[in-house]
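Enquirer: So you can see what is in the structure, the chains are spelled out below.
2 protein chains.
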Amino acid sequence: MKAGTPALVGARHPLLRRFREAWRRGELTEDGCCAVEGLHLVEEAFRSPVEVVALLAARSAEERLGRFEAAANGRVRSYVTSDRLFRSLAPTETPQGIAALLRLREQPLEECLARANALVAVLMGVQDPGNLGTVLRSLEAFGGAACLLGPDTVSPFNPKAVRASAGSLFRVPVYRRLRLEEIFGACKRHGVQTVALAADGGRRLSDVNLTGAAAFLVGREGSGLPGEVLSRADIVARVPMTAGVESLNAAVAASLALYEAARQRGFAG
Amino acid sequence: MKAGTPALVGARHPLLRRFREAWRRGELTEDGCCAVEGLHLVEEAFRSPVEVVALLAARSAEERLGRFEAAANGRVRSYVTSDRLFRSLAPTETPQGIAALLRLREQPLEECLARANALVAVLMGVQDPGNLGTVLRSLEAFGGAACLLGPDTVSPFNPKAVRASAGSLFRVPVYRRLRLEEIFGACKRHGVQTVALAADGGRRLSDVNLTGAAAFLVGREGSGLPGEVLSRADIVARVPMTAGVESLNAAVAASLALYEAARQRGFAG
Numbered sequence: 001m002k003a004g005t006p007a008l009v010g011a012r013h014p015l016l017r018r019f020r021e022a023w024r025r026g027e028l029t030e031d032g033c034c035a036v037e038g039l040h041l042v043e044e045a046f047r048s049p050v051e052v053v054a055l056l057a058a059r060s061a062e063e064r065l066g067r068f069e070a071a072a073n074g075r076v077r078s079y080v081t082s083d084r085l086f087r088s089l090a091p092t093e094t095p096q097g098i099a100a101l102l103r104l105r106e107q108p109l110e111e112c113l114a115r116a117n118a119l120v121a122v123l124m125g126v127q128d129p130g131n132l133g134t135v136l137r138s139l140e141a142f143g144g145a146a147c148l149l150g151p152d153t154v155s156p157f158n159p160k161a162v163r164a165s166a167g168s169l170f171r172v173p174v175y176r177r178l179r180l181e182e183i184f185g186a187c188k189r190h191g192v193q194t195v196a197l198a199a200d201g202g203r204r205l206s207d208v209n210l211t212g213a214a215a216f217l218v219g220r221e222g223s224g225l226p227g228e229v230l231s232r233a234d235i236v237a238r239v240p241m242t243a244g245v246e247s248l249n250a251a252v253a254a255s256l257a258l259y260e261a262a263r264q265r266g267f268a269g
Numbered sequence: 001m002k003a004g005t006p007a008l009v010g011a012r013h014p015l016l017r018r019f020r021e022a023w024r025r026g027e028l029t030e031d032g033c034c035a036v037e038g039l040h041l042v043e044e045a046f047r048s049p050v051e052v053v054a055l056l057a058a059r060s061a062e063e064r065l066g067r068f069e070a071a072a073n074g075r076v077r078s079y080v081t082s083d084r085l086f087r088s089l090a091p092t093e094t095p096q097g098i099a100a101l102l103r104l105r106e107q108p109l110e111e112c113l114a115r116a117n118a119l120v121a122v123l124m125g126v127q128d129p130g131n132l133g134t135v136l137r138s139l140e141a142f143g144g145a146a147c148l149l150g151p152d153t154v155s156p157f158n159p160k161a162v163r164a165s166a167g168s169l170f171r172v173p174v175y176r177r178l179r180l181e182e183i184f185g186a187c188k189r190h191g192v193q194t195v196a197l198a199a200d201g202g203r204r205l206s207d208v209n210l211t212g213a214a215a216f217l218v219g220r221e222g223s224g225l226p227g228e229v230l231s232r233a234d235i236v237a238r239v240p241m242t243a244g245v246e247s248l249n250a251a252v253a254a255s256l257a258l259y260e261a262a263r264q265r266g267f268a269g
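Going down the list, the protein sequences come from chains S and U. Note that my numbering has the first sequence beginning at 1, numbered continuously upward. Note that my numbering has the second sequence beginning at 1, numbered continuously upward.
Keep in mind the hints are simulated off the structure, nothing from the lab. Incorrect hints may appear among the rest.
Since the list gives no way to pick one copy over another, a pair counts as held whenever it fits inside one copy or between any two copies.
As the list claims (entries may be wrong) - Below, in silico cross-link-like pairs of lysine to any residue (SDA-like), each with a Cα-Cα straight-line distance of 25 Å or less:
hint, residue 1, residue 2
1, K160, H40
2, K160, P91
3, K160, G244
4, K188, E106
5, K160, D207
6, K160, V245
7, K188, S206
8, K160, E181
9, K160, T242
10, K188, R232
11, K160, K188
12, K188, P240
13, K160, G26
14, K188, V76
15, K160, R220
16, K160, R25
17, K160, R87
18, K160, E93
19, K160, Q107
20, K160, Q127
21, K188, S88
22, K160, L178
23, K160, R176
These numbers come from a predicted model, not from an experiment.
Throw the hints in and build the complete structure from the sequences for me.
Expert: Here it is as structure tokens:
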């Protein structure tokens, strides 16, 4: 195979197996890579501090590889497969014919929390991958330091979460499968105030001083945060709403809290 | 058929055709009814100012009809169909076996805009039904008066939009397929300030006085508002973001604007 000619791969090729397995399970590959599909996400990967391990194109989108190979300066292997095979693998109904395997940067949680006035989102039991991705996008927009995921929370590598994050997953550190003790312990060690977001009760969000380090705790769609979390948090806060309205979308609630903190800090943007 | 015994209906029954047609097209039925599925949405319908025209249950969920029939006080007709048929109709992969046809209340747009300090969202080209539904939910939470939809915007009756609205679609008036002239004209007549939300440029949202009547204009995911809208709006505003971040999720951007307006008004909630 001469340099610059991508390898043509069939259904049994190990690379396709890695993509298929990752997307089917909504998880990392066995060797810890994140599989992404679509022109925008692949572009985002190339402008993020991640390692692009491999590129895969459908035959009809093969010409899209060129610019990415140039951007990678020969440091990435490209593969091409048939349109039919690509479609059978891809997590979307109308795939764009370009995909990548990425290795995300890892950073110790303690480093993120130690940032001055760190802004953190903690998702506890959020089930909708779109909500998780949207929170990552808002976190990046407001200069957030990290996203912590409690037990029974959807995977950030679910293709819908990756898509909703619009690439923020490649830049905002995410920590998974944390126990309650780990979350509250780490926040305490680093002086990060824990603010539980509730649909009612607690203080009005805009009445809480959010100019110091703060972690916003967001619960499961529908049921919200468990009582144990509400009682352990430093503060319970609510977004004031019209009487009779049950709750906001979970990603919206988290985003409003991040916005309010940024606003109080005079975030210029 | 004795009173209280729901009719058992098969695939060719006109009622099932109405559900199938509505869900397949993501639209109202031909006679203007909204089809909804799931326990939560049917419950929401019963606590909203809508007319419940018919209830449909899957055989295995038939006992769920009782409480709704009681709530309707005999003013609604109930139907039961086989689980297999129900599943084949329903817009979700794991339906809950209960559905309803609703007639939403209609209210003249001018009435909504005439409300004191009316808060309005105007979606122009938003494609994601989840985003539209989420905006409706936030609108209701912050006491919004109406949602206006410009050309090429997803239908609010798309099942994913209905679901994401968590019932707010039954209570917040939505106006569809409005031309630019209609939107700007109606806002002008009622002294509603038009605020175009942009990813960059314009004034910081928190620097704009939002205590009077205001309509927030939100553009298509990815491309945002067209230049013509930006130039016709009274104000262009942005949510301050970290340098290099392209944009927020469209529903999040709209929700932040509604929150900011509510905050400035001292919305107690």
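Enquirer: Indicate, hint by hint, whether the structure satisfies it.
Expert: Against the structure, the hints come out as follows:
1. Proximity of K160 to H40 under the C-alpha cut-off of 25 Å is found in both arrangements, the shortest distances being 14 Å within a copy and 24 Å between copies.
2. When the C-alpha separation of K160 and P91 is checked against a cutoff of 25 Å, the pair qualifies both within a copy, at 8 Å, and between copies, at 18 Å.
3. When the C-alpha separation of K160 and G244 is checked against a cutoff of 25 Å, the pair qualifies only between copies, where the shortest distance is 23 Å, while the shortest distance within a copy is 31 Å.
4. For the homomeric pair K188 and E106, the shortest alpha-carbon distance inside one copy (22 Å) is at most 25 Å, but the shortest distance between copies (52 Å) is not.
5. In this assembly of identical chains, the alpha carbons of K160 and D207 never lie at most 25 Å apart, being 35 Å within a copy and 35 Å across copies at closest.
6. Taking identical chains as interchangeable, the C-alpha atoms of K160 and V245 lie at most 25 Å apart only when they sit on different chains, with a minimum of 20 Å there against 27 Å within one chain.
7. Only within a single protomer do K188 and S206 lie at most 25 Å apart by alpha-carbon distance; the minimum there is 23 Å, versus 31 Å between protomers.
8. Taking the shortest Cα distances, K160 and E181 never come within 25 Å of each other, neither inside one copy (29 Å) nor across copies (36 Å).
9. Proximity of K160 to T242 under the C-alpha cut-off of 25 Å is restricted to the inter-copy arrangement: shortest distance 24 Å between copies versus 31 Å within a copy.
10. For a Cα distance limit of 25 Å, the shortest separation of K188 from R232 inside one copy, 11 Å, qualifies, whereas the shortest one across copies, 50 Å, does not.
11. Proximity of K160 and K188 under a CA criterion of 25 Å is satisfied in neither setting, with 32 Å inside one chain copy and 40 Å between copies.
12. Proximity of K188 and P240 under a CA criterion of 25 Å is satisfied in neither setting, with 27 Å inside one chain copy and 29 Å between copies.
13. Proximity of K160 to G26 under the C-alpha cut-off of 25 Å is found in both arrangements, the shortest distances being 9 Å within a copy and 21 Å between copies.
14. Taking the shortest alpha-carbon separations for K188 and V76, neither the intra-copy value of 42 Å nor the inter-copy value of 56 Å comes in at or below 25 Å.
15. For a Cα distance limit of 25 Å, the shortest separation of K160 from R220 qualifies both inside one copy, at 17 Å, and across copies, at 19 Å.
16. Taking identical chains as interchangeable, the C-alpha atoms of K160 and R25 lie at most 25 Å apart whether they share a chain (12 Å) or sit on different chains (23 Å).
17. Taking the closest pair of Cα atoms, K160 and R87 come within 25 Å of each other both inside a single copy (16 Å) and across two copies (24 Å).
18. In this assembly of identical chains, K160 and E93 lie within 25 Å of each other by CA distance both inside one copy and across copies; the values are 12 Å within and 16 Å between.
19. In this assembly of identical chains, K160 and Q107 lie within 25 Å of each other by CA distance solely inside one copy; the values are 24 Å within and 37 Å between copies.
20. For the identical chains of this complex, K160 and Q127 are neighbours both inside a copy (12 Å) and across copies (16 Å), given an alpha-carbon limit of 25 Å.
21. Taking the shortest alpha-carbon separations for K188 and S88, neither the intra-copy value of 47 Å nor the inter-copy value of 51 Å comes in at or below 25 Å.
22. Taking the shortest Cα distances, K160 and L178 sit within 25 Å of each other inside one copy (22 Å), while across copies they are farther apart (31 Å).
23. For the identical chains of this complex, K160 and R176 are intra-copy neighbours only, at 17 Å inside a copy versus 28 Å across copies, given an alpha-carbon limit of 25 Å.
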